[in-house]
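Knowing the structure of chain A, use the given hints to seat chains B and C on it.
Chains as they are written, first to last, in my numbering: chain A, 1 to 284; chain B, 285 to 640; chain C, 641 to 925.
Please keep in mind that the hints were generated in silico from the structure rather than gathered at the bench. Mixed in with the good hints, there may be bad ones.
Listing some non-contacts, in silico: residues in chain A with all C-beta distances to chain B over 12 angstroms [said to hold, decoys possible]:
#1 V10
#2 F69
#3 A87
#4 R109
#5 L117
#6 F222
#7 N239
#8 F240
#9 P261
#10 P262
#11 Y267
Looking from chain A toward chain B, a few residues come up when the C-beta cut is under 10 angstroms (computed) [unchecked claim]:
#12 P173
#13 W174
#14 E175
#15 D177
#16 E178
#17 A179
#18 A180
#19 R181
#20 D183
#21 G184
#22 A185
#23 T186
#24 L193
#25 V194
#26 L198
#27 V200
Chain B is nowhere near these chain A residues, computed Cβ spacing over 10 angstroms in every case [as the list claims (entries may be wrong)]:
#28 I21
#29 T27
#30 H33
#31 L213
#32 K227
Heads up, the beta-carbon is just placed ideally off N, CA and C, and yes, glycines get one too.
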Amino acid sequence: MKRAWSLRKVSTEAQLLLVGIPVLIWTMIPVYHLFLFAISPRDKATSGRLWPENPTLQNFEFVFGQKHFYLNHFWLQLGNSLMIAIATGLITLFIATTAAFAISRLKVRGGRTVMNLALFTYFIPAAFLAVPMYKTMATYGLLNNRWSLILAMVTIASPYCIWVLKQASDKLPWELDEAARIDGATPLQLFRLVYVPLMVPSLVAVGTYALLLAWNEYLYGFLLLSKETDLPLAVALGNFLSADDSPWELLMATGFIYALPPAAIYYAFKRYMVSGLTAGAAKG
Amino acid sequence: MASVSFDNIEKNFGKVKVIHGISFDIADGEFVVLVGPSGCGKSTLLRMLAGLEEISGGDISIDGKVINDLDSKDRDIAMVFQSYALYPHMTVGQNMAFSLKLRKADKALTDERVGKAAKILNLNALLDRYPRELSGGQRQRVAMGRAIVRDPKVFLFDEPLSNLDAKLRVAMRAEIKSLHQRLKTTTVYVTHDQIEAMTMADRIVVMHDGIVEQIGTPLELFDHPCNLFVAQFIGSPAMNVFEGTLRRDGARMWVDADGQQWPVPASTSGKDGQAVHYGIRPGNMLMLEPGVGISAKVEVIEPTGAETEIIVKVGETRFTLVLHGRTDARPDQSVGLQIDVDMVHLFDRADGKRLS
Amino acid sequence: MAEAVAVLPGKRPPVSTWETWGRIMVVPYLAVFVLLVLYPVGYGLWLARDPQSYRQLFDDPVFFRTAINTLVFVVVAVNLKIAVALGLSGFFMQTRWWIKIIAMLFILPWAVPSIPTILSVRFMLNPEWGVINTLIFKLTLKDGPNWLNNPTLALSLSMVMHIWKSLPFWTLILLAGRMSIPTDQYEAASVDGATRWQKFRFITWPSMKGLYLTSTLLSMIFTLGDFNSVYLLTGGGPADLTHVLATLGIRYLRLDQIELAMASIVVALPFMLPLVFFMMKRLSK
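The shape of chain A in the complex, shown without the other chains:
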C-alpha cells in the first residue's frame, strides 16, 4: 500500500521550500519596502515594522494633488512618460514590422546585411551610446525636445524588435505568400491583409517591449531633457535625490505609482511577452 507521504516525498518538498522561500523573500523585499513606504505616514516609514501602524493613503493624495514642490508637475510628467512610451512603441513597431517583412518575406537584396547591422546595434550597450547621442541630438537641434528621447528610444529598441519579428516571420509558411501572389496580391496587400494579421501576437510582444523600454528609461531622459515640464516621471523621481530633505515617502509613493503600469502590462501580456521574447533569445 502506498503512503501518501513517503519520507522521500517530504524531503523533496522540504528541499523545494528551502529554495522557494528565500527566492520569494529576495524577490519581494525591495518591492514590498517600496509599498510599505508609500502607505506609511512621514515619520513612521522607517520604523522597521512589517506593516505600518497607521497605513495611510495620504501620500498618494499628496502626489495626485501635486502638493509638494517636487511634485509640482506630477501629472504633466506622468503624461510625458506616457506619451514618450506610446510614441516609442508605435514608431518602433512600424519600423520593425516593415523591416522584418522586407527581410523575411520579400527577401530584399541586402536583407541579411541589414539584419546584421541591427544585431550589431543591439549589442552596443545603450549607456555607451548615450554621450554621443546627446551630442548628436544637440547637432540636430532636438535637445530639450521630447522627440529626442522618443527617437533615441526607438533607436535602442528597434534592433531587438526587428530580430524577434524576423524570427517569428520565418516561421510563417512560404506557401501563404505564394498563394497570395497567385491570388493577385501586391506587396502592400500581402503586408496588410496576410502578414500583419498573422503576426499580431508577435507585434503585441514587440510593441509592448518598446513601450516599456521607453517608460523605464532613466539615463537618456536625464541627459536629453532638462526642463521640468518636459521630464518623464523617471527622471523627475531621480531629481528627488538631489536634496537632503526630500519627502522620501512621497518619492516612494510616486515611485509606486510609476511602477504599476509596467507591472500591470507584464501580467496582462505575460503570454505574449514570454513566448515572443524568449523564443528569439533561446536560439543560442
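This is chains B and C only, laid out in the frame that chain A set:
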C-alpha cells in the same frame, strides 16, 4: 481555358542544372499530369509555370503568349498547394473570396462566384468556419474552391493529395476528375504517385532527372513504355524486369535467361546476342500446371480479396503475378508460367530503349 | 519569340515590384540607423581621436579604479547570476501550485522599472533611518555599517541590485532552454537508475551548454551597460570609488570633459568587440 506550351525550358539552381531543355504542349482543356520520382523536376516545372521560380532558359506560353516576364498574378492561373496554403486568419468564405477582394470586385460578383464554387464543392455549410476547424479533405476542397473562384485559364495542382490518408485520396481523386469534366479548364497536375496519374490524366508526362522520358495517354504509357524507366515506373504492382540475352536463329527469336527460353514478340528488333532487359507485367502471365511455359516455384501467396498476388521464383529471380479471383496453389509448388507474348517488353540493356 | 529585346530571353526585368517594395520598407530602419547610430558612433569616435585624451585618461586614478570595478562587476556578477539562473530554472520546472505563484512574483524585478526599486533599496540602506540598520540595532544594540560609504560594500551592493533586476530574465531564458529538452530522455535515465546529479550532468548540461555560454556572454554585454544599478545606488561614490564604465562617461560629461568620456568607451572596445562578434556569429544563423 487555354493551351500551354513549354519551349526548351531550362532551370539552374546556381551552377546545378536541374531541368535540361524540356518541350511539350498542352491542349486547351486537357488534364495533364507531370509524374516522376522525387527530384525529377516536376514541381520546379510547375512553379516556373506559376511564376514562383525564375525561368533560366526557354519560354513558357499560355494561349500562345509568352509569359516569362509576367508576374504570377498577371498569368491568369490558379494553384492548389500540397499544404493547401489557406489563410488561417480568414474564414472559408473569405479565403475563397480573397482574390476578388484584392481586385476590389463588387460584392455581388464575389458572392456569386463564391456561391457557385461552394455549391460545386459542397462547401456551403463551412463558409463561416476557419481552416483550423476543418479536416484535411475539407481544407483541400476549400483550396480548390479558392482556385475555382479565380476562373483562371489554367489550374495548377502541386501534389495536392499527398497529405491525405489513402481512403480520402481515392475519394478526392474522383472529385478532382469530375471537377475537370465539369469545368473543362486546362489542368496541370503534379504528383509522384503513378496511380493518381493513371486514373486522372488525359495525358501523362513522365519526368526523370530533369528530362521528359515519355508523354502519352495512360494506356499508351502502360502498353507501350518507350524505355525501361517508364516501364518500371508506370503500373502497380511494377512490371517484372530481368536481364537476359536476345537470341535469333533464322526466323525464331527468344531470350535466354535463368536457364530458360523466354518468348518475344515478332516485332522485336535487335541482334543475336544483344543484352536486353525483359519485361512482363504481373497481369500478363498465367499460372498453369508445371511443364507448360516457364518453370517456376511458388514462394508467397498474397490474397487481397478480389485478386491474388503470387510471388514465384524462376531460378534466382522473383516474379509477381496478379490473378483474378482465388487460387489453390501452395507455397513451394512447382508451376508453369504462360507468358502473353504480345505483352512482352524488351529493352536494350545499354540505353534502356524499347526494342519490341 | 519576341524580337529585339534588350533583356536576355527567359530573364525577368532587373528590379521587380517586390524587390522595390522590399527596399522601400527597409528605408525607415536604415534612416534610423544612419542618423541615430552611424552618426553618433562616428561622432563619438571622432571625439576620441586625440591621443592626449588617452594620456589624460590613464593618468586619472578614477579611470583606473573604474576599470577594475567594471572588471570585477562584470566577471563576478554575471557568472554568479547565470549560475543561479541555471539552478533556479531547474527549480521553476517543478510543477507545484505554489511554485507557479512564486514564478509569477519572480518576474516583478524585471517588469518593474528600476528607479523606484533601486531607490527603495537605497533607503533601506540609509545608515540612520534605513530599515536594515534599524533592525540591526534592534537585534544587536549596535550600529550597522554605513553601507554606501564603504566602497567595497557599495560596489557589492550595486552588483546585488544588478543581479536582483536581471536574474528573472536569464532564469526565463534558461528555463525555456530546459523545457526544450525532451522528457523521455529523463525517463529513460530514471529507468537506467540515474541520480539527480547524473541526470543533470549527462542530459541537462550537454543540452544547455550552448545556451549557458551564449547567455553568459550576452549578459556580460548587457552588464557593461548597466548604468542605473550603480548610479542610482551610489552615484559613483563615495569619492568616485564605485564608478563603472557606464557611469564614468556621464561623470566626464558633467566635468565638461567629453573627449575623456569617449576615450574611456573606446578603451573598452577591444574587450567588447570580440564578444559582440562572437555573439553575432552565434545568433545570426
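Status of the hints after comparison with the structure:
1. V10: It holds; A/V10 is separated from chain B by about 45 angstroms at its closest Cβ, greater than 12 angstroms.
2. F69: holds, 53 angstroms
3. A87: Given that every Cβ of chain B is farther than 12 angstroms from that of A/A87, nearest at about 28 angstroms, it holds.
4. R109: Non-interface label stands for A/R109: nearest chain B Cβ at 14 angstroms, farther than 12 angstroms.
5. L117: holds, 26 angstroms
6. F222: At roughly 43 angstroms from the nearest Cβ of chain B, A/F222 sits farther out than 12 angstroms, so the non-interface label holds.
7. N239: holds, 47 angstroms
8. F240: Non-interface label stands for A/F240: nearest chain B Cβ at 48 angstroms, farther than 12 angstroms.
9. P261: For A/P261, whose nearest Cβ neighbour in chain B is about 30 angstroms away, the distance exceeds 12 angstroms, so it holds.
10. P262: About 30 angstroms separates A/P262 from the closest Cβ of chain B, which puts it past 12 angstroms; holds.
11. Y267: With a cut-off of 12 angstroms, A/Y267 remains clear of chain B, as the shortest Cβ separation is near 26 angstroms.
12. P173: holds, 7 angstroms
13. W174: holds, 9 angstroms
14. E175: Holds, about 4 angstroms.
15. D177: A/D177 check passes; min Cβ-Cβ to chain B is 9 angstroms, inside 10 angstroms.
16. E178: Holds, about 5 angstroms.
17. A179: holds, 4 angstroms
18. A180: Given a least distance of 8 angstroms, the restraint on A/A180 holds.
19. R181: With Cβ-Cβ at 5 angstroms, under 10 angstroms, it holds.
20. D183: This hint holds: A/D183 lies near chain B, its Cβ roughly 4 angstroms from the closest one there, short of 10 angstroms.
21. G184: Result: holds, 4 angstroms to nearest chain B Cβ.
22. A185: holds, 5 angstroms
23. T186: Hint on A/T186: holds, closest Cβ of chain B at ~8 angstroms, below 10 angstroms.
24. L193: Since chain B brings a Cβ to about 8 angstroms from A/L193, closer than 10 angstroms, the hint holds.
25. V194: Holds, because the Cβ-Cβ distance from A/V194 to chain B comes to roughly 6 angstroms (cut-off 10 angstroms).
26. L198: With Cβ-Cβ at 6 angstroms, under 10 angstroms, it holds.
27. V200: Holds. Min distance 8 angstroms.
28. I21: holds, 43 angstroms
29. T27: The assertion about A/T27 holds, with a minimum of 39 angstroms to chain B.
30. H33: Consistent with the label, A/H33 stays out of reach of chain B, its closest Cβ about 46 angstroms off (over 10 angstroms).
31. L213: Its Cβ never comes within 10 angstroms of chain B, the nearest being 28 angstroms, so this holds.
32. K227: holds, 46 angstroms
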